[in-house]
Structure formats: structure tokens, C-alpha cells
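A.B. asks: In case you want the letters, here they are:
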Amino acid sequence: MRTNRKGVSTTLVIGVLIVIIAAAGLGYYLLTPPAPEQAATLTAGGASFPYPLITKWISKYNSQHTNIQISYQSIGSGGGQSNLFSKTFDFAGSDAPLSDAQLANYTVLHLPETVGGVVVSYNLPGVASGLKLNADVIAKIFLGNITRWNAPEIAALNTNLTLPDQDIVVVRRSDSSGTTFVFTSYLANASASWTLGKGTTVNWPVGIGAPGNSGVASSIKQTPYSIGYLEFFYAKNNSIPYAYVENRNGQFVEPTLTTISNAAKVGASLLTKDVRFPIVNLAGDSVYPISSFTYILVYKDLSYMDKAKATATVGFLWWAIHDGQSYSEALLYPKLPNEVVVLGENILRQMTYQGRSLV
Amino acid sequence: MAIISRRGKERLIKYLCFLVTTVAVIPLLWIIGEVVVNGVSAINLEFLTSLPAPFGESGGGIGNAILGTMIINAMACLFGIPVGILTGMHLSEYDLTSRLGAVVRTVVESLSGVPSIIFGIFAYSLIVLTVRHYTAIAAAFALGLMMIPLVAKATEESMRVVSNDIREAATALGIPKWIRTTKIVLSIAKGGVLTGCLLAFARISGETAPLLFTSLFSFFWPTGIDQPMASLQVLIYNYAMSGFENWILKAWGASLLLVIIVVSINVLVRSLTKPKYKGGA
Amino acid sequence: MDMLFMKTKSSRFFNIQDSLFKYVLIGFSILVVLLFVILFYMLIDRSIPSFSANGLNSITGTVWDSEKGLFGALPAIAGTLISALIATLIAIPISLGMAIYFTEYAPQRIRSVLSLFIDMLAAIPSVIYGIWGLWVISPIVKTYIQQPIVGSIGFIPIFAGPAYGLSIFLASMILAIMVVPIISSLSIELLSSTPSSLREGLISLGATKWETVRHVGIPFARLGIFAAIILGLGRALGETMVVTMAIGNSYIWPFQSPSMFAPATTITSKIASELYEATSTLHISSLMELALILLVVTILINSVSRVIINRRSKREYF
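Residue numbers (the working numbering), protein chains in the order written: chain A, 1246 to 1604; chain B, 831 to 1111; chain C, 3 to 320.
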């Protein structure tokens, strides 16, 4: 047997080490406080936009119901949908609602969980804040039709600013995302010049693609004379200035918690007709036009799960649209308007388990 | 005649190699520096032992991710390393010229070029969809598959360069082929085999995509290998892309920890084997 | 050493053991092949919708528009090939230089530090390489490397401006850093295994270290080093995270602007970026088809390298 100078066999040493590590692992496992009896473990995922809020909800809910453990992973709205369809997720988060064709195949309910806004951020040396834009101008910039900052269309909206004579560097998302979906929905709705349609990804003719909201944020920060779109939270957190966007009433609205909430309040009545109704570009006072609800998707009939999981799912979702909303504003998410909460209650009441309502 | 003397050429090459090494080391020092500088402030006892805190709250840690990574990596090694070594042994000792050998060799090499995300999708289709929930076993399967080409190729090449004299001597002594392969040739080739294993281990410790399709993530302590499990790889990705300062800091801390773990294992394993580099005369 | 072979056992027993072992090895090798075949089949199965809808346009088309159902992937394929190739080409001299320095010239203390460094390079998660590239390196590369080059020789199309930080140039550079540890650590192992009799023979004739390496070390390790290079190339072809973050993800390169400093895209970054959100079957299928193309390319490269190796492999086995 191979031995080193002191006559100790190497194999023995390796063997002892493995035993020690295994014993340590076992001891660690046994000594950690025993997990409370699992009433339910839920797996969910989907849109990355509500991720911070949902993780907060999960943590708070778990501290009240220690035997319910939920995990939510950001893999994008599309990933959430497909996992829900194959029933590997118990519920999914999605910025984009399902199409009629999809709903024909799967009886899935849309539960509005929170509201978000997409802002147009820029890095303009000399202009710290206050840039005003409207839908047409934004559309033309992202289409590559307006290429310089001091173009007449931009200058016309910003007579109080001196705009530099520089090329505009467009930053957009490289990955498919709900943020893009909301942004392009707005442009498709509000501007006749927008030709790329709406979707989680479009065929961008110009611009660098940055990954994720944080990628867009860092690209804008690093690139002078750049412009891009991202979630309100990321721009605020990274102290990147954002533009005042003209809404349907002709006001140039600054994206804030209040103005995005206004969009939700005005749009609430529209949701009663179809919960998937988009709330971009609504008419109303101080309404920020690039706003959208984000949804939790869940099956109407939870009989395919076991009873504990089904009850836990409904319990958590009920809590989320009620108590959970009290955590929203601290994280810069607007609260759900009351009408939408009532709507959500009705939606949850439709959920059944083996023929009987779960609520 | 040569313009540069032999000795001059020697000196030139020596400095060239040194230069090139320095060029390679600079980005390493830079990136290690970034990781250390950004991450070291995040590491403390709470960080190492507690569960993640929710968004917006300070404190909390990555304890479950550390445990999860160790469990998943260990399972992946249990699958990938034996299969890799045995395949490499087969290619080197038993099958240099047959068509089966050529097929196996092509397969092994092609596996090395498959994007990690495809392994994730593969494991997802095979395992996750079948049992209808995310499991850590699928993650171990995907990561193990990723290890196989590196381990097998390193094993094959290291055993191939062992001199034939050894094999002839073993046969002359009447040693059966399988003992010759495992106890003699393999132990001479040990260094290369271990290098392959360590490279493979380092590789899987840094890949996020396969885990997103298999073990997903969890905010709680691992409850079983058939459930979703937290891992450092996914945690780093989640936190780094979150836009939340506190979490980004934790991502750097977790990366530093990951590097420390992998390097420690490297150092430990190498120190247990006889030093190989006798180097220049 | 075990005295197993000294105990009296009939040669038939040894034959059984030998055959058993051989079949175990064959079994595991076939397992690997089987898994690969299943993987291949899965990719083909998922690509069929795209292939039947688009035909060859997937490979030759240059427009990728998921709304309109157009999925031409030529820029992505070009991006994959070029970035991997450049990364490996940059990595080869660096890795070999490092390996030669390590085995021939470095004093013992530097050797241990250097081997630690190489291990650390390999240990860094690819997500961190990506973040480092995106947050730290990209502005620096843009200001100090790309812009001066654009300013001076920007009339050459490959170096034309504007200088985007995130570009195929940046991605290739970071990929090169990731490939170096693979090639260098394996080359070090192989160069160290040069039989000392050969080396000492040459040295006793008065050869310098470089001449020893050149005439003995490298020819001896040549096949293995080539294999290591192919492994490194494979890694560069398949790397996902880094490329997604550092390459700019755009179809601007190579057809709108052939400049190295323009944002580009690769197969892996396209799959990683779009797979999570892709909902239409055609979209997902096109991405699977891209993966299939990558796999076929990898197989092709490996087969070609196999042909090169087979011409030179001389060792008999028995």
C-alpha cells in the first residue's frame, strides 16, 4: 500500500477524511432545528418583476404559517406559463396575460397581484432630470428614426433644456421579458409610428441588448448619451434619471408610486370586464401611461394537487392580495386598488377542489 | 546561420513565456481582487449559517445554498467521475482502434461542446417532467453529464502517455490486464486524471443554467434530494441580477465563498497525491 | 502492491476477471453514448416544428423576429464560431507559454503559487465572469482599447466605430480567459509526463531548456495538448452566461456592421435570453434547432480533429 515517509497510508488518510466529512454533514443535518412538520411545500416561479415583493410575502407568510414553505424563482413569464401548463409549478407569475388560444386549452385564472411601471431612463451629461418625452418620440428613438439628442422633435418638447448634439445610444433588453411586453404594448397603443408590435421580445433594429433590468441599468449608467427602458424600481434604486412621459390627458407625468397607482385605480373598472385588460395609456389625471398589472396564474381546479397544497395555495394567494399589500409600498410597488382586491376575491372563490370551493 | 545565438534564443523564449504568464495572471488578479474586495465584507457567521432574508431586510445569509451546493455537487461527482474515469480507461487501454472506440470518443468530445443550458433542458425533460416536480437529483444528473467529457478525456490522455514499457513489464510479471489498468497505469496517470476531475468540479460549481431547470431554488433548508434545493450557483445569479444593493453584496460574498470552497478542494486533493512536477534539470 | 496476482489462481479465473472488467468498461461507455443519443433525439424532436416551417432559412436567414415568425440564425451561428475561435486562438499561445514556463523555468515556489492561480481561474463561476465583464471591464475596454483603435485605424471595416463596450471583442476576450486554465493545466500535466530518459538524454547533449521542450516535450505531448485545445474550444462554444452578459445581444454584427466592436450574438446567448420567456411552439422550436446546429458543429469540429489525430497516432496497444 502506498505510504508516505511517516508510514501512514494515503488511502487511509483519504478514507478517514471522507468519514469525517460525512460525519460532519450528518451531525450538521441532525443538529439543525428539525423542520416543522411539512403541511405543504409549494413551488412557483415566473416573472422577475414582482420577485422582490413575492419573496417578502413568502417570508412573512412563512413566519405566520411555519409549515408552509413556498419557493419562487424568476425564470421569466414564459417559463412560468409553460411550467404551470406542465404542472411543475403550483402557481406562476406572469406579466403578460394568457391568450385566448391558451385559455382554451387550460382553465387558468389570472389574479392581479401588484402593479408596476416601466420608465424611460437616460444618461445625458448636463441634464440631470426633467426630460420630457411622448409616445411618438419614444417610438421613433427606439426605431432608430431619431438618432440625435438635439433632434427637433425632442427639442420641441424640451424648450427649457439645452440638448447636446450627440448620437443617441439605445439600450434595450437582450432577453425576453415582461418589461419589454409592457413597454411595447404602450408604444403600440399610443403611437402610430410604432411598427414593431408588442411582445416579450421584438425585432429591435437598433441598440445594444443588455441582460435583465440590472443589465440595462448598468449599461445606461456606463454609457453617456444613452437611453433605455426598465422597471421603475431599478431606475430609482440606481439613481438613474427618468423621463416625464406625456399621458393621454396631455400631462407630462413623472413616474412615481402615486402616478402608477393612479393608473391602477383608473384601470380597475376595466378589469371587471376582462381581468387581462391592459392599462397602458389610460386617460386620467396624473396617470402614468406606461403601467401594468402583473398576474399570478393558477389553475381553477386544484384537484390534481393534494388537499394540503391546494389549501395552502389559496390561503397564500388570499393573504397576498389582502395583508400582503401592506408590504408593497415600502418596496416601491403600488398597492392594489380596492376594486381589484374585490375582483381578486371573486376570482379566488371560483377555485375548486374536488367540486367544492376552497375559500 | 542563426541570427540569434542558441543561448540568446533560450533567454528570449524564457522571457516570452514569463511575459505570457504574467499577461494571463493580470486579469485573474483583477477578477479575484474584485471578488475578494467586494465579497469579503459580506462574509460573517450569520451569512454562513442562516436562511435568506427577504427583500429589503438586512441580515440573513446563504446557509441553505452552501449546504445545497455541497449536496448537489457531491451527487454529481458520484455520477460523473466514475463514469468519466471508466470511459476514459476504456478508450485508452481497451479500444484504440475499433469503431466503437471512435464513436465513444466522438460522443465524449461532442458532449464537451454542448451548452450547459441544454443539459438543463435534457434533465428537465427526462426527470422533472416525469415526476412533475423539480428535484435535486435531476440537477446532479445534469451536472454529472457535464463532468463526463472533461474527466473522460483527461483520463484517456493521461493514461495514453504512460510508456508501453510499463505495460509490457506488467504482463511479463503475469499481472492480469484489469489490475494492470487500474492499479498501475491509472496510478501513474493519477495526476492528469485528478486534474480532469478538479477542472470538471470547478466547471459545475460555476454553472447556473442547468440548475434553473432542475433543482430550481428554495428559501429553506434542504428537505430531501427529491425536492427543489437552494444552491450557490443560482443564488449568485438571483442576487446579482436583483438590483438590490444588499443582495448584490451577498452575491459577491457567495462568489468568494464558492471560489474558496473549490480552491480548497483543489489544494487538498493535490496535496494528498505525490508532487509530480520535477521540472527542469 | 497487492499480492493478489501471486496467489495461486488459475489463468481462467484471471480471464474471467479480465473479461468482466472489460465488459463493465464497455457498458459504461455505451451508457454515455446512449445518453448522448437520447439528448440528440430530444433536440431533433423539438426542432422539427421549426425545421418544417422554416426549412433552411433558419441557417441562412439573417432576420430574427419572433412576432412575425421569422427565425434566421446566421448571425448567431457566425457569432458562436468566431468568438469561440478567437478566444481559443488567443488562449493557445498564452496557455502553452504558461505551461512551458511552469514546467521548465519556474522555481518551485512560483510553481505552487501559479498552480493555485490556474485552479482559481477555473473555479470562478461563469456568472461572475459575466458580471465582471458587464460592470467592470466593458467601460474600460471601450475607453482605453476600443476607442483608440477606432480613432487610429477605424477605416478598416473590422475596426470601425462606434465603439460599443459590449461587443464580440469583449466576449472573445473574456472567453479566452476562461479557456486558458483548461488548456494550460492539462498541458502542464502532459509536459510533466515526458519520460525523463528522453529529456535527460537531450540535456546531456547540451540542449537548452527550450530546445528540450521543443524537440522532446511538445512532440511527446502533442496529441494530448491538441485534445486539450479541443476541450477548450468546446468550452468556448458552449459557454452561456458570460456571452449573454458581455456580447450585446444584437444582430448588428456581422451584417449591419462587420466591426469587432459591434454588439453581436451567439447561439448560447440567444437560447439563454429567449428560452425562459418564449411561449410559442415555433419560437421554442427554433431555439432548439439552434442548439442542434451547435451540437452538429461541435461534432464536425471533433471529427475533423479526430482525422488529424489519427494520422499521427502511433502507439500500438495490446
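Among the clues, some could well be false.
Have a look at the derived ranges for each label pair, beta carbon to beta carbon [as the list claims (entries may be wrong)]:
id, chain 1, residue 1, chain 2, residue 2, range
1, A, 1493, C, 283, 34 to 40 Å
2, A, 1332, B, 867, 17 to 23 Å
3, B, 879, A, 1370, 56 to 62 Å
4, B, 959, C, 19, 39 to 45 Å
5, A, 1345, B, 888, 18 to 24 Å
6, A, 1594, C, 283, 44 to 50 Å
7, B, 959, A, 1400, 54 to 60 Å
8, B, 841, C, 110, 16 to 22 Å
9, C, 217, B, 841, 52 to 58 Å
No farther apart than 27 Å at their CA atoms in a straight line, the calculated lysine-lysine pairs in the DSS-like style are these [unchecked claim]:
id, chain 1, residue 1, chain 2, residue 2
10, C, 24, B, 1013
11, A, 1385, A, 1305
12, A, 1466, A, 1481
13, A, 1580, A, 1305
14, B, 1020, C, 24
15, A, 1377, A, 1466
Note that these hints are calculated values from the structure, not bench results.
Where is the CB? At the ideal position from N, CA and C, for every residue including glycine.
A.B. asks: Take the hints in turn and mark each one as holding or not.
C.D. replies: Evaluated hints:
1. 1493/A <-> 283/C: 34 to 40 Å: holds (36 Å)
2. 1332/A <-> 867/B: 17 to 23 Å: 45 Å Cβ-Cβ, so the 17 to 23 Å window is violated.
3. 879/B <-> 1370/A: 56 to 62 Å: violated (46 Å)
4. 959/B <-> 19/C: 39 to 45 Å: Roughly 41 Å apart at Cβ, these two residues keep to the hinted range, so it holds.
5. 1345/A <-> 888/B: 18 to 24 Å: 45 Å Cβ-Cβ, so the 18 to 24 Å window is violated.
6. 1594/A <-> 283/C: 44 to 50 Å: Roughly 34 Å apart at Cβ, these two residues miss the hinted range, so it is violated.
7. 959/B <-> 1400/A: 54 to 60 Å: holds (56 Å)
8. 841/B <-> 110/C: 16 to 22 Å: Holds - the Cβ-Cβ distance for residue 841/B and residue 110/C, about 21 Å, lies within 16 to 22 Å.
9. 217/C <-> 841/B: 52 to 58 Å: At 18 Å between Cβs, range violated.
10. 24/C <-> 1013/B: holds (15 Å)
11. 1385/A <-> 1305/A: Answer violated: residue 1385/A to residue 1305/A is near 44 Å, above 27 Å.
12. 1466/A <-> 1481/A: holds (12 Å)
13. 1580/A <-> 1305/A: holds (17 Å)
14. 1020/B <-> 24/C: It holds: about 20 Å lies between the C-alpha atoms, which stays within 27 Å.
15. 1377/A <-> 1466/A: At roughly 19 Å apart (the allowed maximum being 27 Å), residue 1466/A and residue 1377/A satisfy the hint.
When held up to the earlier numbered hints, the structure conflicts with 2, 3, 5, 6, 9 and 11 and fits the remainder.
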